[in-house]
Amino acid sequence: MVLDTNVLVSLFVFADSRFLPLRTRLESGNWLALTNERCVAEFRRVLAYPMFSLDAAGQEAALSAYAALAHRVTATPSPTQPLPLCSDPDDQKFLELARDGGADCLITSDKALLKLARRQRLAHLFRLLTPEKALAR
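Numbering (the working numbering), first residue to last: 1 to 137.
Hints listed in this document are in silico derivations from the structure and should not be mistaken for laboratory results. Since we're looking at a predicted model, the values are computed, not measured. Glycine included, C-beta positions come from ideal geometry on N, C-alpha and C. Errors might be hidden in some of the hints.
Unchecked claim - Derived pair list, reagent style DSS-like, types lysine-lysine, alpha-carbon separation capped at 25 angstroms:
id	residue 1	residue 2
1	LYS93	LYS111
2	LYS111	LYS133
3	LYS115	LYS133
Said to hold, decoys possible - Pair ranges (Cβ atoms, derived):
id	residue 1	residue 2	range
4	PRO82	SER53	38 to 44 angstroms
5	PRO21	GLY58	22 to 28 angstroms
6	SER87	ARG44	20 to 26 angstroms
Can you build the whole structure from these sequences, using the hints too?
So this is what it looks like as structure tokens:
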């Protein structure tokens with residue numbers, strides 16, 4: 001599975017209790033999160049936003065906690081499996097990671113990504129799920 005940055009912030013910055021079972025499944029090894037350099041770089045950048053009030057140690061703790069649970073994907077893009085373009089270009093990397101890593105789902109709370117789910121444009125590759133729907137499966 002792939003977790004977008006909004007979900008990562010909920011899990012590793014705010015420790016959102018609604019999603020504690022998601023983190024528990026990752027920590028127990030029941031679920032495997034996939035990531036790559038581009039997605040980690042975005043998480044690092046977002047952790048530094050002033051709105052989160054995280055000092056350098058807090059940022060590193062959140063990033064390290066996630067990195068310890070995630071498998072890094074280094075696969076090359078699959079030109080035989082084209083992807084629709086997300087209306088937010090910053091979110092395209094999550095679609096590419098899910099495709100290239102062979103993920104069964106992309107867990108997101110991002111409206112631009114969820115719009116693609118409503119259109120079933122990716123059903124042949126992976127599912128786009130909210131954290132709530134992922135936990136219900």
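Do the hints match the structure? See the list:
For the hint pairing LYS93 with LYS111, the CA-to-CA distance comes to about 15 angstroms; that is within 25 angstroms, so the pair holds. Between LYS111 and LYS133, the direct Cα distance comes to roughly 15 angstroms. Compliance with the 25 angstroms bound is thereby established for this hinted pair. Proposed proximity of LYS115 and LYS133 is supported: the alpha carbons are some 15 angstroms apart, at most 25 angstroms. The hint said 38 to 44 angstroms for the Cβ distance between PRO82 and SER53, and at roughly 41 angstroms that hint holds.
Checking the proposed 22 to 28 angstroms range against PRO21 and GLY58 shows it holds: the Cβ atoms sit about 24 angstroms from each other. A hinted range of 20 to 26 angstroms holds for the C-beta pair SER87 and ARG44, which are about 24 angstroms apart.
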